[in-house]
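Respectively, the protein sequence lines represent chains A and B.
First residue of the first sequence: 5, per the numbering used here; consecutive thereafter.
First residue of the second sequence: 5, per the numbering used here; consecutive thereafter.
Honestly, the hints are just simulated from the structure, not real lab data.
Just so you know, these numbers come straight off a predicted model, no measurement behind them.
Glycine residues also receive a C-beta, built at the ideal position from the N, C-alpha and C atoms.
Among the clues, some could well be false.
[As the list claims (entries may be wrong)] Computed beta-carbon distance windows for the label pairs:
| # | chain 1 | residue 1 | chain 2 | residue 2 | range |
| --- | --- | --- | --- | --- | --- |
| 1 | A | D432 | B | K134 | 36 to 44 Å |
| 2 | B | R39 | A | L313 | 15 to 23 Å |
| 3 | B | Q431 | A | L313 | 22 to 30 Å |
| 4 | B | R126 | A | E444 | 43 to 51 Å |
| 5 | B | I129 | A | K134 | 48 to 56 Å |
| 6 | B | E35 | A | G38 | 53 to 61 Å |
| 7 | B | N128 | A | K355 | 53 to 61 Å |
| 8 | B | R398 | A | L313 | 52 to 60 Å |
| 9 | B | R39 | A | L73 | 52 to 60 Å |
| 10 | A | E232 | B | E40 | 24 to 32 Å |
| 11 | B | E197 | A | L313 | 39 to 47 Å |
| 12 | A | F114 | B | R39 | 13 to 21 Å |
| 13 | B | N157 | A | Q416 | 33 to 41 Å |
Number of protein chains: 2
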Amino acid sequence: MVLSKNTLNPNVLKAEYAVRGPIVELAQNLEKQGREILYFNIGNPQQLGQPPLTYVREILSLLNHPKLLNKMEKLQDLGFASDSVERAKKIMELNPAGLGAYSQSAGMPFIRQAVADFISKRDNIPTDAKNIFITDGASKGVDLILNSIITDNVGIMTPIPQYPLYSADINLFGGKLVSYYLDEDSNWGINRELLENSYNKARADEIDTKLIVVINPNNPTGSVLSREHIKMVLEFAKKNNLMVLADEVYQENIYHDEDKFHSFAKVAHEEGINIPIFSLHSTSKGFIGECGYRGGYIEMRNIDDEVLLQLLKIRSIGLCANTSGQIVTYLMVTPPEEGDTSYELYVRERKDILDSLTRKARIIANELDSIEGISCATPRGAMYLFPNIKLPDRNYGDEPADFAFTKYLVEQTGIVTVPGSGFGQKQDTWHLRITFLPPEDKIESIMKKFKKAYLDFIKLK
Amino acid sequence: MVLSKNTLNPNVLKAEYAVRGPIVELAQNLEKQGREILYFNIGNPQQLGQPPLTYVREILSLLNHPKLLNKMEKLQDLGFASDSVERAKKIMELNPAGLGAYSQSAGMPFIRQAVADFISKRDNIPTDAKNIFITDGASKGVDLILNSIITDNVGIMTPIPQYPLYSADINLFGGKLVSYYLDEDSNWGINRELLENSYNKARADEIDTKLIVVINPNNPTGSVLSREHIKMVLEFAKKNNLMVLADEVYQENIYHDEDKFHSFAKVAHEEGINIPIFSLHSTSKGFIGECGYRGGYIEMRNIDDEVLLQLLKIRSIGLCANTSGQIVTYLMVTPPEEGDTSYELYVRERKDILDSLTRKARIIANELDSIEGISCATPRGAMYLFPNIKLPDRNYGDEPADFAFTKYLVEQTGIVTVPGSGFGQKQDTWHLRITFLPPEDKIESIMKKFKKAYLDFIKLK
Numbered sequence: 005m006v007l008s009k010n011t012l013n014p015n016v017l018k019a020e021y022a023v024r025g026p027i028v029e030l031a032q033n034l035e036k037q038g039r040e041i042l043y044f045n046i047g048n049p050q051q052l053g054q055p056p057l058t059y060v061r062e063i064l065s066l067l068n069h070p071k072l073l074n075k076m077e078k079l080q081d082l083g084f085a086s087d088s089v090e091r092a093k094k095i096m097e098l099n100p101a102g103l104g105a106y107s108q109s110a111g112m113p114f115i116r117q118a119v120a121d122f123i124s125k126r127d128n129i130p131t132d133a134k135n136i137f138i139t140d141g142a143s144k145g146v147d148l149i150l151n152s153i154i155t156d157n158v159g160i161m162t163p164i165p166q167y168p169l170y171s172a173d174i175n176l177f178g179g180k181l182v183s184y185y186l187d188e189d190s191n192w193g194i195n196r197e198l199l200e201n202s203y204n205k206a207r208a209d210e211i212d213t214k215l216i217v218v219i220n221p222n223n224p225t226g227s228v229l230s231r232e233h234i235k236m237v238l239e240f241a242k243k244n245n246l247m248v249l250a251d252e253v254y255q256e257n258i259y260h261d262e263d264k265f266h267s268f269a270k271v272a273h274e275e276g277i278n279i280p281i282f283s284l285h286s287t288s289k290g291f292i293g294e295c296g297y298r299g300g301y302i303e304m305r306n307i308d309d310e311v312l313l314q315l316l317k318i319r320s321i322g323l324c325a326n327t328s329g330q331i332v333t334y335l336m337v338t339p340p341e342e343g344d345t346s347y348e349l350y351v352r353e354r355k356d357i358l359d360s361l362t363r364k365a366r367i368i369a370n371e372l373d374s375i376e377g378i379s380c381a382t383p384r385g386a387m388y389l390f391p392n393i394k395l396p397d398r399n400y401g402d403e404p405a406d407f408a409f410t411k412y413l414v415e416q417t418g419i420v421t422v423p424g425s426g427f428g429q430k431q432d433t434w435h436l437r438i439t440f441l442p443p444e445d446k447i448e449s450i451m452k453k454f455k456k457a458y459l460d461f462i463k464l465k
Numbered sequence: 005m006v007l008s009k010n011t012l013n014p015n016v017l018k019a020e021y022a023v024r025g026p027i028v029e030l031a032q033n034l035e036k037q038g039r040e041i042l043y044f045n046i047g048n049p050q051q052l053g054q055p056p057l058t059y060v061r062e063i064l065s066l067l068n069h070p071k072l073l074n075k076m077e078k079l080q081d082l083g084f085a086s087d088s089v090e091r092a093k094k095i096m097e098l099n100p101a102g103l104g105a106y107s108q109s110a111g112m113p114f115i116r117q118a119v120a121d122f123i124s125k126r127d128n129i130p131t132d133a134k135n136i137f138i139t140d141g142a143s144k145g146v147d148l149i150l151n152s153i154i155t156d157n158v159g160i161m162t163p164i165p166q167y168p169l170y171s172a173d174i175n176l177f178g179g180k181l182v183s184y185y186l187d188e189d190s191n192w193g194i195n196r197e198l199l200e201n202s203y204n205k206a207r208a209d210e211i212d213t214k215l216i217v218v219i220n221p222n223n224p225t226g227s228v229l230s231r232e233h234i235k236m237v238l239e240f241a242k243k244n245n246l247m248v249l250a251d252e253v254y255q256e257n258i259y260h261d262e263d264k265f266h267s268f269a270k271v272a273h274e275e276g277i278n279i280p281i282f283s284l285h286s287t288s289k290g291f292i293g294e295c296g297y298r299g300g301y302i303e304m305r306n307i308d309d310e311v312l313l314q315l316l317k318i319r320s321i322g323l324c325a326n327t328s329g330q331i332v333t334y335l336m337v338t339p340p341e342e343g344d345t346s347y348e349l350y351v352r353e354r355k356d357i358l359d360s361l362t363r364k365a366r367i368i369a370n371e372l373d374s375i376e377g378i379s380c381a382t383p384r385g386a387m388y389l390f391p392n393i394k395l396p397d398r399n400y401g402d403e404p405a406d407f408a409f410t411k412y413l414v415e416q417t418g419i420v421t422v423p424g425s426g427f428g429q430k431q432d433t434w435h436l437r438i439t440f441l442p443p444e445d446k447i448e449s450i451m452k453k454f455k456k457a458y459l460d461f462i463k464l465k
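Chain A with its partners taken away, still in its complex shape:
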């Protein structure tokens, strides 16, 4: 047979993506049968009722139908803010072909410039628009870099637990996954010794490790790296001649006042560590939460122009990132400013979303932590809880124990989570990843169901 599971590219079989794996499939099947399903497996805030920012949607609405733009009075009558209309007009001037035309492969030039300005301002470091590609979500930036640098025997250091995009891509492109553990006992921090151990072990296996992935704020653990830790990772990377891929899509999702987001680009610049750094950002997370638009960017630093040209060539095969996502990326990096008509509403909407996330993180963590057998710290960042769950040592067949529990949980309650085994975890420890995105008025009843299912599950024979 010309096409069967066995004749596929074997890397396809190896690639696993737990966030959307068999548990989600089971849930979708139950949903088709009429069951109520609660998707807490994925950071998809608008699916769970988080509202979009009015400012973003007003402008998108106008850009999708630019004939409206000369009808200011009627638009205001419909509730549009005057600065949204002006902003949309300005964007049409900057990109007269509109959303229906392919842009340049790296993205619309004014958007790349706006991203460069955003980074410059955020970090107080020089940033060049030519090093920025606008992408369909951060995932496409990851695909581009990993596909371009992986050849046989190239190792990529990824944290454990990790966001499974990385292991999936590394397997798909035929690279070697070089794991380093995050230290659960110190709030899932990064530890130099664990990094060195991981690197040395790979070297002993004759793996040519070329890049380290760091996710900060972290998915799934919710930790936020201090400046010291970032500096340590950069020094480690420099010493071992590694590039850094800094997944910084949760940079706006920090919930403790004492924490602060430091970008790898900024710390590297300040410390004079000139190694190649790929920094990712996305419109899917933060307080924007526009996942469906697939917006984002990759910024590349300390990369030579010849390599940039090659990467641009590969980007160009897919023509360009979708234009709506490009616009959302633009609006993410150029929010309304004080004095603009939209400013007050924008600030209020942002505050409501972030305050609610802060509350929900705390409440759900406390609820989980109060269950005997489960321990869960309040996440400091990102959108996930990663509780440690004790599970009885019994025969689960071929499945890891946490997989068996998440399956039971879906079947009994409709609550979809991701087993820790999908992210990687230390042997004989079990975890779940749960987003803290449920609507606040539903948390109590959800947690009650969760608790009952857990207590029932551990009693099963």
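Based on these hints, arrange chain B on the given structure of chain A.
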């Protein structure tokens, strides 16, 4: 150095994508310097003034800002058709999370079903929504299939000339390009003998050819395959145990009354040829021309469920196609119907676009054909002319002669075309690919500039 051109994945260096290669880069640099540049290198109709369909944009505008939906009177006052508003409401019911949420990885279920219904109705063949993935443009469908089936030594038959996405992807994924020539002397038709020769030559080289790519209507040649030819290709594929990838993105772009679009899926079904067929469609072409939205789908036929699951898993790594593109795909397959408020305007806009394309194809082909040294048939389909150009036999350095001419053409006139060498051509023949998308009122002056540049170029020493 950890990152340099030499340490990149060597397949990255091999992948070339002429449609956006060095000629386009040169043009973009000239544009930055203030020169007027005319982009005829790429099928990007809205960049050249083709208007979007009002129906599509009204609905998108509302879906981007659903708060408007309960203001029917004011919307009508703004010019919205009542059925657009109703349609948008209906879509919000079918997808309550809105455009800001990730959809299922294969696409929103109601859109997959609508695509299945569209194919069923178009071809009068049974079609199952589970075999349909909504993609970010057709390119992403190609990436998915080629990445999944290519392993070392797997050959992919592609036409010459071909759309360079195919050669780029085949090189990027490490496969073998197995070329078959289209027959310029019989209107670029497909010829069984040339297919067999190409296949046998690859077999002699111990290449394991697994799939044949067919582009119909054809990019870049503008030919449209007859039902007989499609049947012949299917029989050839069946005999040699090949899958078929049918790139049918130009199915609405047929300009001669005597031609008719036949899908590979339909002919295969009618002839009882049950081989795996991947069929691609896109919102970027046809009369919709919404390139920037990156909408499209892939339909997979005679593929077993285990393989479908693997392909879905790979799709899921990128989460989902952008939602705006998914909606445009939905609207493409469910246009307004007779009796709907929008119907008349929709039909008129469609007719205007297709009539204009028909006229432009003829006019530009005639103009080109009238230049001594150039021969150009009127394209029967797609969006491109592929004139045969005589170029003097002189020293062009490392560059193919047609590359040198397209470079000269940009420098002298700002007209951007793609050299035939980017698509493949028989040795010692030279071609250009030119879209026939220029605005009608500019064609005369453009052709005058083109002719002068050509006549000057062939006289150069």
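> Which of the numbered hints are not met once you compare them with the structure shown?
Replying inline: Checked against the structure, the hints that fail are numbers 8, 9, 10, 13, while the rest are satisfied.
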